Amino acid sequence: MRTTPDLSTAVWRKSSYSNADGGECVEVAEGFPGAAQWRKSSYSNNDGGVCVEVADGLPGLVPVRDSKNPHGPVLLIPGRAWAAFVAGVRAGDLGV
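Everything in the sequence shown is counted per my numbering, starting at 685 for the first residue and increasing by one.
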């Protein structure tokens, strides 16, 4: 079962590359609502290292954000794509 998250209270921001004519652009939601249980990688340290945080609770989606900017934009990654990414990192296939 696929569930679409409720983004009705999200604050949306257009790219600075957008034009006034409604040209193609990307909007991002800031202060993502509905995904409150954020967690950092177990490889993260307490010295403010470069990390991403992920949240649970959205069926079929994995919200990802920059740990240094918790009120900034959130990427919603399809669950299968995230699982493939994590498997690739663990296997050493991605050079990280």
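Hints are supplied without guarantee of correctness; some may be wrong.
Quick list of simulated restraints, FRET-style, between CB atoms [said to hold, decoys possible]: (1) Ala771 with Gly741: 17 to 23 Å; (2) Val773 with Lys698: 28 to 34 Å; (3) Gly744 with Arg723: 15 to 21 Å; (4) Lys698 with Ser726: 31 to 37 Å; (5) Lys698 with Ala767: 27 to 33 Å; (6) Gln721 with Ala771: 31 to 37 Å; (7) Lys752 with Leu778: 31 to 37 Å; (8) Arg723 with Lys698: 27 to 33 Å; (9) Gly741 with Val773: 29 to 35 Å; (10) Pro754 with Gly779: 24 to 30 Å; (11) Pro762 with Lys724: 28 to 34 Å; (12) Ala775 with Pro754: 16 to 22 Å; (13) Gly776 with His755: 32 to 38 Å; (14) Arg723 with Gly776: 21 to 27 Å.
No lab work stands behind these hints: they were computed from the structure. All figures in this text were calculated on a predicted structure; none of them were measured in a lab. Just so it is clear, CB atoms sit at the ideal spot from N, CA and C, and this is done for glycine as well.
Verification of the hints:
1. At roughly 22 Å, the beta-carbon separation of Ala771 and Gly741 lies within the given 17 to 23 Å, and the hint holds.
2. Taking 28 to 34 Å as the suggested C-beta distance range, the pair Val773 and Lys698 conforms, at roughly 32 Å.
3. Range check, Gly744 to Arg723: about 18 Å between beta-carbon atoms, so the 15 to 21 Å window is met.
4. A beta carbon spacing of about 36 Å between Lys698 and Ser726 agrees with the range 31 to 37 Å that was offered as a hint.
5. The beta-carbon spacing between Lys698 and Ala767, approximately 31 Å, falls within the hinted interval of 27 to 33 Å.
6. Here the CB-CB span from Gln721 to Ala771 is close to 22 Å, at odds with the stated 31 to 37 Å.
7. Our hint of 31 to 37 Å for Lys752 and Leu778 is violated, since their Cβ atoms are close to 22 Å apart.
8. For Arg723 and Lys698, the Cβ-Cβ distance of about 30 Å falls inside the hinted range of 27 to 33 Å, so the restraint holds.
9. Range check, Gly741 to Val773: about 22 Å between beta-carbon atoms, so the 29 to 35 Å window is missed.
10. Against the hinted window of 24 to 30 Å, the Cβ-Cβ separation of Pro754 and Gly779 comes to about 28 Å, which satisfies the hint.
11. In this structure, Pro762 and Lys724 break the distance hint of 28 to 34 Å, their C-beta atoms being roughly 21 Å apart.
12. Between Ala775 and Pro754 the C-beta distance comes to about 29 Å, which lies outside the given range of 16 to 22 Å.
13. For Gly776 and His755, the hinted distance range of 32 to 38 Å is satisfied, since their beta carbons lie about 33 Å from each other.
14. For Arg723 paired with Gly776, a C-beta distance near 23 Å keeps the hint of 21 to 27 Å intact.
Comparing the model with each numbered hint stated earlier shows that hints 6, 7, 9, 11, 12 do not hold.
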